[in-house]
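Visitor: Those protein sequence lines, which keep their order, are chains U and Z.
By the count of the working numbering, the first sequence reaches residue 208 at its end, each step adding exactly one.
By the count of the working numbering, the second sequence reaches residue 208 at its end, each step adding exactly one.
Incorrect hints may appear among the rest.
Selected chain U positions facing chain Z (in silico; Cβ < 7 Å) [to be verified]:
id, residue
1, E118
2, T120
3, M160
4, P174
Read the hints as simulated data drawn from the structure, not as lab findings.
Keep in mind the model is a prediction, meaning the values are calculated, not measured.
Glycine included, every Cβ here is placed at the ideal spot set by N, Cα and C.
There are 2 protein chains.
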Amino acid sequence: MIPAKTMKPKAESILEAAGEIFAEQGYRKTTVREICKRCKVNLAAINYYFGDKDHMYLACLKHYQSIAAQKVPFNFGINPSASPKEKLSTFIQTFIFRLLEEGKQTLFGKLLAREFIEPTGALDALVEESIKPSFYLLSSIVREVLGNNCTDQEVELCTMSILGQCLYFRNAQPIIFRLRNKDTFSEEDIKEIAEHIINFSLKALDNY
Amino acid sequence: MIPAKTMKPKAESILEAAGEIFAEQGYRKTTVREICKRCKVNLAAINYYFGDKDHMYLACLKHYQSIAAQKVPFNFGINPSASPKEKLSTFIQTFIFRLLEEGKQTLFGKLLAREFIEPTGALDALVEESIKPSFYLLSSIVREVLGNNCTDQEVELCTMSILGQCLYFRNAQPIIFRLRNKDTFSEEDIKEIAEHIINFSLKALDNY
DNA sequence: ACGTGTTTTAAATTTATGTTTAAATTACTT
DNA sequence: AAGTAATTTAAACATAAATTTAAAACACGT
Numbered sequence: 001m002i003p004a005k006t007m008k009p010k011a012e013s014i015l016e017a018a019g020e021i022f023a024e025q026g027y028r029k030t031t032v033r034e035i036c037k038r039c040k041v042n043l044a045a046i047n048y049y050f051g052d053k054d055h056m057y058l059a060c061l062k063h064y065q066s067i068a069a070q071k072v073p074f075n076f077g078i079n080p081s082a083s084p085k086e087k088l089s090t091f092i093q094t095f096i097f098r099l100l101e102e103g104k105q106t107l108f109g110k111l112l113a114r115e116f117i118e119p120t121g122a123l124d125a126l127v128e129e130s131i132k133p134s135f136y137l138l139s140s141i142v143r144e145v146l147g148n149n150c151t152d153q154e155v156e157l158c159t160m161s162i163l164g165q166c167l168y169f170r171n172a173q174p175i176i177f178r179l180r181n182k183d184t185f186s187e188e189d190i191k192e193i194a195e196h197i198i199n200f201s202l203k204a205l206d207n208y
Numbered sequence: 001m002i003p004a005k006t007m008k009p010k011a012e013s014i015l016e017a018a019g020e021i022f023a024e025q026g027y028r029k030t031t032v033r034e035i036c037k038r039c040k041v042n043l044a045a046i047n048y049y050f051g052d053k054d055h056m057y058l059a060c061l062k063h064y065q066s067i068a069a070q071k072v073p074f075n076f077g078i079n080p081s082a083s084p085k086e087k088l089s090t091f092i093q094t095f096i097f098r099l100l101e102e103g104k105q106t107l108f109g110k111l112l113a114r115e116f117i118e119p120t121g122a123l124d125a126l127v128e129e130s131i132k133p134s135f136y137l138l139s140s141i142v143r144e145v146l147g148n149n150c151t152d153q154e155v156e157l158c159t160m161s162i163l164g165q166c167l168y169f170r171n172a173q174p175i176i177f178r179l180r181n182k183d184t185f186s187e188e189d190i191k192e193i194a195e196h197i198i199n200f201s202l203k204a205l206d207n208y
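All chains should be built: construct the whole structure from the sequences, respecting the hints.
Guide: This is the structure we're talking about:
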């Protein structure tokens, strides 16, 4: 990843605008004309700086990947000397806030969600670089909570149960907002959701 | 929804082919040329029968919605006199099989998943007709399991925890397959997943 | 078999969008 | 300040895709 400091300001403003629009509309629906209009650069700028739309998209993913990585450290801010349950709580809380909070750092998650449904070829690298590390972090915590009397398969499934709960609240926003007659999550909502998932998951793991 | 019987055979074959390709590639990436090629009709047939690509897409959603509805009855095959926990087991099992089993009836789920990420305007009706009924069915079961000492909010959150777990196994397939070095779920895998989610969720609800 | 309405076809048209070009402008170096 | 490289611009270009058209083929009741 090219550090932001060394990137041309115009190139960076393209990536910023592009990320917003890609996250809203997906790769195909997004036109280079719309991106250039949003950040007020000439239509030819994308090809000038990035070669073509596709390379610009990849640069955009990396740009937001690095923003997300800055915002949430690799270890999710988990204290290695905390108890397993505390670690799990911290993980869930951090993950949920990263998914649901408004702001630049959530764009990467949205772009990632699109890649799942409509992979562009960038997915393999993203899974390796961004998703697997978080998955393995969580599954190591789950193993600690469950103790050593359980199989890898059980750990894996429980890890997925927790991730699934978290991701639902982002992926199913169109339903949730319709059920609740709202169209955002408040800070309070997010807190409640995180607490619920922590609670629900610990209950399940405790008696596993 | 126009019953299949009254639909022109050619129109129906277009919807069949279209559904497969839309589910694979999404609305934008799918071209009318490709659909017409797949079902061996002339390029103009889509406009002739449906007016334009967009109306054909809507007809396609309805077509597969009705196929899915035929395959899985409205009540998920739940026996009203079963115990709450048995009802929950049946619901999860049915839901997971519907999501993960290969076949026509899963296409609707895939199309629905795309709508979430990239709504085309059909989403409102789909939420009302297909999603809310299932959601309310599950939440009524969750309420039975939890008993009456819990708030609507708690019931709602637990319902989402269960749905989230189930949907993860479809939405996160690109990760799961990479973690497991496979690219399908076997019948056995699906059974294990369903059992796990039932187990995990009942443990959580029991101690709620 | 005739005629009418429907369906099918290949080709033409239109539109949207990514990309290239070449000239104009700006920034930088000596 | 002159000259060179980098950037910006508007316009042109290319391509791919949806849509339309009009003629041909077909189906079917009389």
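Visitor: Each hint needs a verdict: does it hold in this structure or not?
Guide: Hints, one by one, checked against the model:
1. At a threshold of 7 Å, the smallest CB-CB gap from U:E118 to chain Z is about 5 Å, leaving the interface hint in force.
2. Look at U:T120: its Cβ only gets to about 10 Å from chain Z, farther than 7 Å, so that hint breaks.
3. With its C-beta approaching chain Z no nearer than about 6 Å, U:M160 sits inside the 7 Å limit, and its interface hint holds.
4. Hint on U:P174 holds. Least Cβ distance to chain Z is approximately 5 Å, under the 7 Å limit.
Hint compliance for this structure: hint 2 is the single one not met.
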